[in-house]
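With the hints in hand, could you dock these two chains into one complex?
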Amino acid sequence: MRVLISLVALIRGKIALASGLHALFAVMRMQANSEFSGAPVPSGNAPIAIELSDASVTFGRGARAVPALSTTTLRISEGEFVALVGPSGCGKSTILRLVSGLVQPTTGVVIVGGREVAARAMRVGMAFQNPTMLPWMTIERNIMLPLKIVEPFRSQFRKLRKTEFRDKANALLEQVGLKGFGGRFPWQLSGGMLQRANLCRALIHEPRLLLLDEPFGALDQFTREELWSILQGLWMTHKPTVLLVTHDLREAGFLASRICVMSARPGRILDDSHVSFARPRTVAMTFESDFVALNQKLRAMIVDARSATQEGAA
Amino acid sequence: MSGLDIRQKAWSAALIVLFFIAWELFCVMTGMSDLVLPRPSQVFVTLFERFPVLWPHIIQTLATTMFGFVLGVALGVALGAFIGVSKTAYDTAYPLLIGFSSIPKVAVVPIFVLWFGSGTVPAVLTALSICFFPIVVNIATGLATTEPELEDVLKALGASKFDILWNVGLPRTMPFFFASLKVAISYAFVGAVLSETVASNRGIGNVMMTASSNFNVPLVFAGLFVLAGLGVALYVVFSLIEGQVTGWATRKNDVIAT
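Read top to bottom, the protein sequences are chains A and B. According to the working numbering, the first sequence holds residues 1 to 314 in order. According to the working numbering, the second sequence holds residues 1 to 258 in order.
Heads up, some of the hints might be wrong.
Claimed, not checked - Once the Cα atoms are required to be at most 30 Å apart in a straight line, the calculated DSBU-like pairs of lysine-lysine come out as: (1) A:K168 <-> A:K148; (2) A:K239 <-> A:K168; (3) B:K87 <-> B:K105; (4) B:K9 <-> B:K182; (5) A:K239 <-> A:K297; (6) A:K148 <-> B:K161; (7) B:K161 <-> A:K168; (8) A:K297 <-> A:K179; (9) A:K162 <-> B:K182; (10) B:K105 <-> A:K148; (11) A:K148 <-> A:K179; (12) B:K161 <-> B:K87.
Think of the hints as simulated: they come from the structure by calculation, not from any bench. All of these numbers come straight from a predicted model, not from anything done at the bench.
One chain only, chain B, in its complex shape (with noise of 0.2 Å):
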């Protein structure tokens, strides 16, 4: 890590706390209503004393959250694996992919609820639904873009069409998996609270919930709070194993920028 990329993170950390200091500025000078928008010191404050009562929830929407999004992530590797081998697959699933993935999922929820009652499965169902999407399509992409040469020298060798998926489609794509996981975990919150949000009695989602029709302001920041943190966390555990596995595809890049 050179000087200037040192300088650049500070820059950015710098920025980061001067926009929360801009907000608590702006709501003390405007003397702004915390039923409408609370200070951040005080968001920070409700966090730090409600935090035995959240806790709970963190772990129901984080378990509900991973939960979904593991169950996802299998299905979108399946699916996109099969679509990216055989063309009929790919002809006939990706209208219904795409038709599926533009419903707005707060309108599958009650559907959800109808068949499994409220509770955790609707947002593991909910979860999984939004998030495999990104993760079938990047799956598909990797593996129509292995080179057709590589493809007739295997060819030539004998190789069948598992031999090819999987010493050379499937770890091509290990770059485009990567990249969806990180989209696909985001995602995966959503789903989670949308449902909790609707037809749940825990996690975060339900606890907003709760705190808006009570105007408790201050708590429903620090409910949004604590998603942003949790989606920033697991965004950087995705890219941390990212860097790790498939260093192969950035690493190119490296040599050519020192």
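Only chain A is shown next, with the shape it has when bound in the complex (with noise of 0.2 Å):
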């Protein structure tokens, strides 16, 4: 009992210990920030909407600290589209979380539209897999949910616009081929039916960042296909930035301006490089051998990264 009871008291110790040295480096993080900060913003055609400075990002502290992302210099121009391709758990959405705000970089800095990233500030849209509609409200409410917080629609909400809201709701609607639909409730709607009312909530308070974490991961191939038409309408339309999550290679092609590819976890960038097929691109375009040279190429990337971390932990 008592080698127990001195067990606990160590153990309490080595925490202590570990918590003040956390909050020794918050305060030379801070330090360093500030530096950063007033850094002028490398030029470029067009402004910078994101960037990444020596980000890395660890869960946890000590002997469980888990690394999610190793030192990664990523930027992002406004307006681009960019894919982040990867075997998976190699910290792709630890990067969507970090430009959130959802996520502190444990290193580095992330900036997003010229600020560091805060969670309160930031206002992107975003969309996950899972369309998490409310179910007790129509999809057109579910819409118009983004607008009930972010400001300066939120102080309108109550007031006059309302209406012009709801038009708005249903414009997005429209766009992305759910007219008719907005009165409906979520569980009246189909899989695919829902993700497309997901990206009309992400898109509602017309944010400038659009973040999508495997948005049609749960798909059929032909909803899918049908998703990224409408996509990358809706993007040509809003010419919001996008990142986008994804584990298919020619969702990545389809869509993206940019694909990066990274590494096992911890994961880094491994390749940054441009696409350049015309817009708007098809579905046939994915089957034709530039498209699938590009492929294959991703694949070739991704299959090695893989094979390097098994003959690691081999």
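Structure below.
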């Protein structure tokens, strides 16, 4: 019994030490950050929307620390459509969570729209594989949910502009082929339809940045291809900066203007290349030789990245 | 409603009537004394004859129960929301709540009487203390089951904890909440009558207590019937409200069934 108590005391001491060190590092990091934020944004042809400078993420501390993302530097210009591909568990989603401010970098800086990220200030549009429509609201009201949260819409919501917002929601619904479905409830719609509504909800507040985490992962091949065209159309009209995480290389090639290939966990960017196929792209194009060649190149890189970790593990 | 459904309901009703007939026959055939087990017909006659006397007590018990129930719901919702949102509150309050709910409330009534004297106040407090627990648990559970993806979507929009609670968390708990109301209203009755039995000179609990010490067993049973009737009536009321407010939670099953 006494042994147990002393063991507990010992562990407690370690935790206290670890958290003290962590606080110290946090202070150091803050100082480092303040130096960074003073630095000028590198010039390009378009303004920089997202900038990760030597950002890394480690979950947990001490012996149980899990590195999720190695030191990564990535710059994305405004209006770009960037796809992140790579073996599963490589930190693709972690990059999304960094950019949205849901996760803070362990080291380095993440700058979005010229400012360092903080969850409360981001207002990015996000969509996941699970459409998460609220079952007690109609599709229209589900889509309008971000307007109840994001300023300046939030303060206008109760007053004069409610019909205006409703029109806006319906215009988006029409654009994704869901005209007339605004009054339905989520359980009355198929998976593909819900995912379209999900895209609408992510775009209703006109975000400059759209983050998509395998949004079409749970859909069948035909529905998925249909939604690629719809997403391409939305991107071409609204021109947000898009960061798409996907496992589907055809999807990446079809949608993205730039593809980043990541290594296995802890992830880093292995390859960063532009995709120059003309738009609007069609599903037929994905079977042409150029496209297939790109696909094979990406695939080879990911297979290599995977086998590298398997050797490392063995 | 389909024909099958109606036939089912008719069957259930017939079986309930059959239960009372069997009871009546059992008493008649065994020559059971009404001091031990009165016949249902006797109970109904007593109920009818003594109704003018019973009526103020019914009102008293009903009012006490409802008052305790409303307070219990308010307390339960506030506490449940608090526990569901804060991890620390959850860890602290849960053991305390489970401890409190394990105490037989009959042991608490004397304390309430000591503090507030006998009568209505301890009855209300007993009803409250017995009925708020299922509400706390259900609200907290409902809040804890919000999808993490949706929470991420809203946080990325800059939503505060309160925004998420108000727009997503609380509406999601509604089916849990109404399910718990049905349980809580029965509990509130038990609490109110319990306290009336121990320490009051009004209410159905007191009537039954007095009647049994006078060996007026049919009147005791009449009191039981009144309580059962009130309990069923309130249960039905809350079921109807539940159907109206949280139809979205059960509608899905209807679509699959048809």
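Violations among the numbered hints: 8, 9, 10
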